[in-house]
Every structure is written in structure tokens, then in C-alpha cells.
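Novice: Each chain is listed here by its residues.
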Amino acid sequence: MQSIVVENIIKTYRTKKTAVDALKGISFSVDKGEIFGIIGPDGAGKTSLFRILTTLLLADSGKAFVDGFDVVKDYTAIRNRVGYMPGKFSLYQDLSVQENLSFFATIFNTTIEKNYDLIKDIYIQIEPFKDRRAGQLSGGMKQKLALCCALIHKPSVLFLDEPTTGVDAVSRKEFWEMLHRLKLQGITILVSTPYMDEAGLCDKVALIQKGKILSVNSPEGIAADFTKPLWAVRAVEMFPLMKAIKQDPMVESCYPFGQFHHVVFKSAENAKEKLEQIQKNGKYTQFEAHAIKPNIEDCFMALMQE
Amino acid sequence: MVQNNKVITAKELTKKFGAFTAVDKISFEVEKGEIFGFLGANGAGKTTAMRMLCGLSLPSSGEATVAGYDVYKENELIKKNIGYMSQKFSLYEDLTIKENIRFYAGIYGLSDEKIKEKTELLVKELHLEGEEKTLVRALPLGWKQKLAFSIAIVHDPAIVFLDEPTGGVDPITRREFWTLIYEAAERGITIFVTTHYMDEAEYCNRVSIMVDGRIDALDSPANLMKTYSAGSMDEVFLQLARKASRSE
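As you go down the protein sequences, you meet chains A and B in turn.
Each residue of the first sequence is one higher than the one before, starting from 1 at the first, in the numbering used here.
Each residue of the second sequence is one higher than the one before, starting from 1 at the first, in the numbering used here.
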């Protein structure tokens, strides 16, 4: 069964002088119980898409359904059954942690006790501060409270717009562990992120850039679509090495990736010989090269250039 | 001015807020032209430490000089001799590219002649010819960040502080941004950078990792990976940051 269906959604923001095409015909679907990642940089259209699916914004054209309900006609039904955590902290800053949670439970005609099981793991981490005003919480705690509030009515679909932006590597890992526990409860999760390395934690991802989807697939499927030869190369002289590699007509692209340069060749032949030649023509110490499998960032950059 | 090529010297630098020690006796030095990565989990004390080094907050104890100036007595001189850029605040959206350059260069006291020269150079370097009169608001995020960086060093400071400069930027632009960083470092400008992208930590000459207000590790990425038997800086960071006892 499909929890989310999006068919050719178009959204343009117009002012007197300019028009910004935020979404240029987006289509994809999300199966029930899946963690589906919308991955792309700022300005890709992620938030517009989330606002359309949570019935807070109307698309110019196209159709979208959540749990089988139309986002335009059945918006009240959708609002009752989805949870939404916007990118910007949107709880009541002057209410306490507990007051915020009771408020959201009451609005959805339920109580904290009734669905406590669902939020218990997360709530116990902020419980010591339950009387503190939400505005006084640290970033990580605000994020946990917002997640609790989005879950308190036991939604069937959870929308998380950039929940890990600006969050350090440790807290990001913990947050994803929480999402995987929620998935076990059968909740469908649509989550957006600018961090490409989080793609591997999703069942399926859509790579999005400038209002267009570049690819929709499982993380493994996206990597499998990358067919050109890819090599990781390094030497002590990283900068001259990159210059030399980029000059070779056989090379499609060369970008730094941590301690290595990732080199994409135009065709499969002679990549190894090419690199040996480049090594011979320059003065490099501790030169090292090996063929590698692409990660999501390699794939994203290749798709951006197509 | 800068002595022995040390652009930052910090000795047991400490900042307390009441009973809470945000920065706990950190000691380190940064050399001229170095790319220095300043890492730590949220709440580890990075921002407080950076505010002291930028002359915006007085330390509770310890010593530090930045660009050769004392953080207690010469904080106004520090502000004049450093550059600063963050993801959150960079440029004025309702001014044009040229107006932004003029504004910041003017604030830093550059002469009209120098401003004209710098504007031409900067526009050329960033390939923005013909776009001088475009409002910054109309630029894509990646371009804004590249422009903001160039403007942050328009007065040729001894050191530039970059607070998460590449957050939310697409992967290609992120790498172009790092090319600008390398070029600035080659010109002798010291780079002090915070980031949540661990691959970027590997581009730094040396990296420090703050845990609970202390600097728990400081070395080149290669040496850190060796010390912690880790395959990447991500693993090094996780090993250290997981030891943290205080949450934000």
C-alpha cells in the first residue's frame, strides 16, 4: 500500500517582478512503513513539497495523496492523521515542555497517557526539564520535544523537514536511531536533509535539486546506476595532483573527498593506465590510487552535471 | 603584531558563566597560513571560545592573543584585524553585490581607491562580471556564501573565522568554496573553521576537537586517525564526542 503519492506537482512563487519555480513537476510515491528521504541542498524545493503534502500550501497543478486522501479536497482528514515537524522550531516558546505536549495531545482529542508508549524513549530524555519553557531549551532538546509533539496523536505518516540541519554528528546518529525505532511501529516517515551521508539510512531516497527530482531509488539502486569508472587518488601534493588530473581529456570530473580526490573517467578503458601516466608525469610522494564504489554524494554530483 | 608566525596563542583560556564552565582551560596555537578545524558537538563550548577569540567576550581567566593582540586589552584591534563569516549572518540581501562590497570594505576603513580596486578583483575572481548591480537576495545560496567569504577577507585580515560556512550548500558548490579557502590560505590568510561535515575536517591542516569545554584532541587529521585507529575523521569525532558527560 502507498502512504504518499505525488503526481507532477508544480509550484511557482510569483512577485511583481520575478517568478521562482520552486517545484517543476515532481512525482514519486512512498510505501507504507517506509523511511523515505528527500535529499538536496537549500533551495531545492524540499520545504515547499512538505507544505503541500501537509495541506499548508496549494500546488499550482498536479495531484498528491496522503493515506489515500487528496491534499486539496480531504485536507481535514489529512491534518488529523499526519505529524509534521517543520524545519523551523514552531512550538510555543512560552509554554513549558509538558504544557506543549498536553496542548498538542488535547488539540488532537487524545491524552499523553494514551500514546505514551510511542514517545516514551524520546520523552524520558527531556523529562528532567518538563517544567522548563520550550524557549529556554537547547537545540537538541527542542528537536526532541518537537518530535514528541508531532507523534503524540499517533500519526500514520510523519513529515520531518530537515530535522538534523545544524546538528552535530553524534546527535544526528541518535536522531536516526530514534527514526528507525519509530519505523518498527509502522509509521511512514518522509524526511528531508541536506546531508548526503544520511541517504544510506533511508529505505528509499529522492535526490532533488532546483525543483527537480534527479533520481528516485533505494540508496543501493542509486549507486548501481552510477556506471562510469570511479577512482580514489591521493598524494602528499593534493593541489597539483588535482590540477594535473583535471587537464586529462579522459577525465570527466575530479573533486576532493576528505583525504582523497574522487576521479570519474568518461569511459571504462585504461583508467588505471591513465592514472599511472599522470603519476609518472608529475612529482608526487606517497601516490596512491584504487577503484572505488560511488557514495551518494558522488551520484548526486554526477546527476547535477547531466 | 604577529610574532613567531603564531596568529593565535591561547593559554588556559577559560570562560565561566556563574558556576558553569563553558570553556575550560584551553591551550593551543595556530600558525600563519594554516587551515585550522575547530570541531566539537553542539554545546561543547565552540561558540563561546570563538567569541573570546574574536574579541566579543572577555575571558574569565587565562591568556590569548589573536593576530598579535591581547584579548583583554586590545579587543577592538582584534575586531579590525580579523574576518568573520557565518552561515546565519553574512550579507545584506537588499543591497547589490557591489554595495555589499563597498559597505564592508568601508566599515573596515579601506580607501575609496582601494575599494574600487578590490571590487574589480573580487568580481573577476568570482566570475560575477556583469552582475555587480544584482541584489544579493537574487543569488543562489552557494554564490552568496562564496561572495560572503570573499568579502570577509576584503581587508586582508591576518585570520578569518568561518562558522559553519557550508551548511545546506550543494556538494559541488561546497567543494568550490573549499577551493577559495585553499587559495586564501596560500596567500597567507589563516583559516579558523567550524563544520559539521567530517570530510571537510580532513581538508584542514590540523583539527581540534572540543568535549565538555576542553580540547581533548589536537593534531593533523592523519595523526588523529592513527591515534584513534579510525578510518575517517567521522569515527574519530564519534569516539571523542560520545565521551561527553554534559549535554548542551
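What the hints contain is simulated information worked out from the structure, not anything from laboratory work.
Any given hint could turn out to be false.
[As the list claims (entries may be wrong)] To give a feel for the contact side, a few chain A residues facing chain B, derived at Cβ under 7 Å:
hint, residue
1, Gly-43
2, Asp-168
3, Val-170
4, Ser-215
5, Pro-256
6, Pro-294
7, Glu-297
8, Met-301
[Unchecked claim] Listed below are the simulated DSS-like cross-link pairs for lysine-lysine, each with C-alpha atoms no more than 25 Å apart in a straight line:
hint, chain 1, residue 1, chain 2, residue 2
9, A, Lys-173, A, Lys-88
10, A, Lys-17, B, Lys-243
11, A, Lys-210, B, Lys-144
12, A, Lys-246, B, Lys-124
13, A, Lys-130, A, Lys-120
14, B, Lys-114, A, Lys-88
15, B, Lys-144, A, Lys-88
16, A, Lys-204, A, Lys-246
17, B, Lys-98, A, Lys-24
18, B, Lys-73, B, Lys-98
19, B, Lys-88, A, Lys-210
20, B, Lys-116, A, Lys-173
21, A, Lys-17, B, Lys-98
[Stated by the list, open to error] If you anchor each label on the Cβ, the simulated ranges turn out as follows:
hint, chain 1, residue 1, chain 2, residue 2, range
22, A, Thr-12, B, Glu-131, 33 to 41 Å
23, A, Arg-81, B, Asp-156, 57 to 65 Å
24, B, Lys-114, A, Gln-136, 30 to 38 Å
25, B, Ala-222, A, Asp-117, 41 to 49 Å
26, B, Tyr-182, A, Leu-57, 54 to 62 Å
Here the structure is a predicted model, which means the values were calculated and not measured.
Glycine included, each C-beta is placed from N, C-alpha and C at the ideal position.
Novice: Please go over all the hints and tell whether each is borne out by the structure.
Specialist: Against the structure, the hints come out as follows:
At a threshold of 7 Å, the smallest CB-CB gap from Gly-43/A to chain B is about 6 Å, leaving the interface hint in force. Given the 7 Å rule on beta carbons, the hint for Asp-168/A holds: about 4 Å separates it from the nearest Cβ of chain B. A distance limit of 7 Å between C-beta atoms decides the matter here; for Val-170/A the minimum to chain B is near 4 Å, and the interface restraint holds. The closest approach between the C-beta of Ser-215/A and any C-beta of chain B is roughly 14 Å, which is over the 7 Å cut-off, so the hint fails.
Hint status for Pro-256/A: holds, given a least beta-carbon distance of 6 Å to chain B, under 7 Å. For the restraint placing Pro-294/A at the interface with chain B, the shortest Cβ-Cβ distance is roughly 12 Å, beyond the 7 Å limit, so the hint is violated. Look at Glu-297/A: its Cβ gets to within about 5 Å of chain B, closer than 7 Å, so that hint holds up. For Met-301/A, the interface hint holds, the least distance from its beta-carbon to any beta-carbon of chain B being 5 Å, beneath 7 Å.
Under the criterion of a C-alpha separation no larger than 25 Å, the hint pairing Lys-173/A with Lys-88/A is consistent with the structure, at around 20 Å. Taking the CA atoms of Lys-17/A and Lys-243/B, the gap is about 54 Å. The hint is violated against a cut of 25 Å. Distance check on the hinted pair: Lys-210/A and Lys-144/B sit about 16 Å apart at the alpha-carbon level, within 25 Å; holds. Proximity of Lys-246/A to Lys-124/B is assessed by CA-CA distance (about 22 Å); at most 25 Å being required, the pair is judged to hold.
In summary, the hint linking Lys-130/A to Lys-120/A is supported, as the alpha carbons are separated by about 13 Å, within the 25 Å threshold. Proximity of Lys-114/B to Lys-88/A is assessed by CA-CA distance (about 41 Å); at most 25 Å being required, the pair is judged violated. Distance restraint check for Lys-144/B and Lys-88/A: the Cα-Cα separation of roughly 21 Å lies within the 25 Å cut-off, and the hinted pair is therefore satisfied. Straight-line distance between C-alpha atoms of Lys-204/A and Lys-246/A comes to about 33 Å, which puts the hinted pair past the 25 Å bound.
Proximity of Lys-98/B to Lys-24/A is assessed by CA-CA distance (about 32 Å); at most 25 Å being required, the pair is judged violated. Only pairs whose Cα atoms come within 25 Å are accepted, and Lys-73/B paired with Lys-98/B is rejected, the gap being roughly 35 Å. Simply put, Lys-88/B and Lys-210/A have alpha-carbon atoms about 21 Å apart, close enough for the 25 Å limit, and the pair holds. Taking the CA atoms of Lys-116/B and Lys-173/A, the gap is near 48 Å; set against the 25 Å cutoff, the hint is violated.
A C-alpha spacing of about 21 Å is found between Lys-17/A and Lys-98/B, which places the hinted pair at or below 25 Å, so the restraint holds. Thr-12/A and Glu-131/B have their C-beta atoms about 23 Å apart, which leaves the hinted 33 to 41 Å range violated. At about 58 Å, the beta-carbon gap between Arg-81/A and Asp-156/B stays in the expected band of 57 to 65 Å. Distance hint for Lys-114/B and Gln-136/A: a CB-CB separation of about 46 Å, inconsistent with the stated range 30 to 38 Å.
Ala-222/B and Asp-117/A have their C-beta atoms about 47 Å apart, which keeps the hinted 41 to 49 Å range intact. A hinted range of 54 to 62 Å is violated for the C-beta pair Tyr-182/B and Leu-57/A, which are about 41 Å apart.
Violated hints, listed in ascending order, are 4, 6, 10, 14, 16, 17, 18, 20, 22, 24, 26; each of the other numbered hints is respected by the structure.
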